[in-house]
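Next come the chains, spelled out residue by residue.
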Amino acid sequence: AQKVTQAQTEISVVEKEDVTLDCVYETRDTTYYLFWYKQPPSGELVFLIRRNSFDEQNEISGRYSWNFQKSTSSFNFTITASQVVDSAVYFCALSEDPNSGGGADGLTFGKGTHLIIQP
Amino acid sequence: DAGVIQSPRHEVTEMGQEVTLRCKPISGHDYLFWYRQTMMRGLELLIYFNNNVPIDDSGMPEDRFSAKMPNASFSTLKIQPSEPRDSAVYFCASSLVSTATLTYEQYFGPGTRLTVT
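Residue numbers (this note's numbering), protein chains in the order written: chain U, 3 to 121; chain D, 1099 to 1215.
Source of the hints: derived by calculation from the structure; they are not laboratory data. Errors might be hidden in some of the hints.
As the list claims (entries may be wrong) - From chain U, some residues computed to sit far from chain D (all C-beta separations above 12 Å):
hint	residue
1	V15
2	S73
3	E98
4	D99
Claimed, not checked - Mimicking DSS-like on lysine-lysine, the simulated pairs with C-alpha atoms at most 30 Å apart in a straight line are:
hint	chain 1	residue 1	chain 2	residue 2
5	D	K1122	D	K1176
6	U	K5	U	K40
7	U	K5	U	K113
8	U	K18	U	K113
9	U	K40	D	K1176
10	U	K40	U	K18
11	U	K5	D	K1176
12	U	K113	D	K1122
13	D	K1166	U	K113
14	U	K5	U	K72
15	D	K1166	U	K5
16	D	K1166	U	K40
17	U	K40	U	K72
18	U	K113	U	K72
19	U	K40	D	K1122
20	U	K40	U	K113
21	U	K113	D	K1176
22	D	K1122	D	K1166
23	D	K1166	D	K1176
Here the structure is a predicted model, which is why all the values come from computation and not from measurement. We put the CB at the ideal spot given by N, CA and C, even for glycine.
Only chain U is shown next, with the shape it has when bound in the complex (with noise of 0.2 Å):
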């Protein structure tokens, strides 16, 4: 069974600091993938970024990055510089790798972790 844990329920920070949101998430698949998803008050939720298990590069995207650990089972995004309008629900998912002969499944999410930008 698949597991993604995102212990921090609430963060809140002043604009300008940057900030960590944790991921842990436990498989049985060799491959899988991991993805962030923000969810702004407005409810959408917008696709961030997705991470193959055989590629345990770091990503950086704008004030974006992401530290994918594979030994700790982590991947774990940071905000450098918050801004007010990063405030949002930040979600952290597992997929099994369709490609790896089952085809895709449903993703797997953390239960959130509420980021709050204060100005």
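Add chain D to chain U, keeping to what the hints say.
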């Protein structure tokens, strides 16, 4: 390109009524997923289709829930009869799995907020 389209965006209905939620996936995507989001249970998968065929409906909560995908560009999720505990946001998502490029992404629609009174 248009993303995943869902309708209606909001639905308010009385207990016992039939509710039909609609989804148009991204053109060319071969997977379609239905999720439900509640405060208590978070985001949970209900059912998904591959090339219009239902693959796994183990997440469908009860027989009151049914889903169809008559063609590659349309899916429905029906609740009959509806109950107050069905109140939630229902998301549709679509994916394209490419073995050539080893890509896999799921894009979500804006969701339908269902309130059953």
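Against the structure, the hints come out as follows:
Against chain D, the non-interface label of V15 (chain U) holds: every CB pair exceeds 12 Å, the least being about 23 Å. Every C-beta of chain D lies more than 12 Å from that of S73 (chain U), the closest at about 22 Å, which supports listing it as non-interface. Annotated as non-interface, E98 (chain U) brings its C-beta within 12 Å of a C-beta of chain D; the closest such distance is 10 Å. The non-interface label for D99 (chain U) is inconsistent with chain D: the shortest C-beta to C-beta separation is roughly 8 Å, within 12 Å.
Using a Cα cut-off of 30 Å, the hinted pair K1122 (chain D) and K1176 (chain D) holds, with the two alpha carbons roughly 15 Å apart. Between the alpha carbons of K5 (chain U) and K40 (chain U) the distance comes to roughly 19 Å, so the proposed pair stays at or under 30 Å and holds. Pair hint K5 (chain U) plus K113 (chain U) holds up; C-alpha atoms about 10 Å apart against a cutoff of 30 Å. A hinted pair counts as satisfied when its Cα atoms are at most 30 Å apart, and K18 (chain U) with K113 (chain U) qualifies at roughly 25 Å.
A distance of roughly 27 Å separates the Cα atoms of K40 (chain U) and K1176 (chain D); the hinted pair therefore holds under the 30 Å criterion. For the hint pairing K40 (chain U) with K18 (chain U), the CA-to-CA distance comes to about 19 Å; that is within 30 Å, so the pair holds. Restraint check for K5 (chain U) and K1176 (chain D): the C-alpha separation of about 28 Å stays at or below 30 Å, so the hint holds. Simply put, K113 (chain U) and K1122 (chain D) have alpha-carbon atoms about 27 Å apart, close enough for the 30 Å limit, and the pair holds.
Among the hinted pairs, K1166 (chain D) with K113 (chain U) is consistent with the structure: their alpha-carbon atoms are about 28 Å apart, no more than 30 Å. A distance of roughly 15 Å separates the Cα atoms of K5 (chain U) and K72 (chain U); the hinted pair therefore holds under the 30 Å criterion. Note on K1166 (chain D) and K5 (chain U): the hinted pairing holds, with a Cα-Cα distance of about 28 Å set against a maximum of 30 Å. For the hint linking K1166 (chain D) to K40 (chain U), the alpha-carbon distance of about 28 Å falls within 30 Å, and the restraint holds.
For the suggested pair K40 (chain U) and K72 (chain U), the alpha carbons sit about 23 Å apart, so the restraint of at most 30 Å is met. Our distance criterion of 30 Å between C-alpha atoms is met by K113 (chain U) and K72 (chain U), whose separation comes to about 21 Å. A hinted pair counts as satisfied when its Cα atoms are at most 30 Å apart, and K40 (chain U) with K1122 (chain D) qualifies at roughly 22 Å. At most 30 Å may separate the alpha-carbon atoms for a hinted pair to count; K40 (chain U) and K113 (chain U) meet this at roughly 12 Å.
The straight-line distance between the Cα atoms of K113 (chain U) and K1176 (chain D) is roughly 26 Å, inside the 30 Å bound, and the hint therefore holds. As the CA atoms of K1122 (chain D) and K1166 (chain D) are separated by approximately 12 Å, the hinted pair is consistent with the 30 Å bound. A threshold of 30 Å between alpha carbons decides the hint, and for K1166 (chain D) with K1176 (chain D) the separation of about 9 Å falls inside it, so the pair holds.
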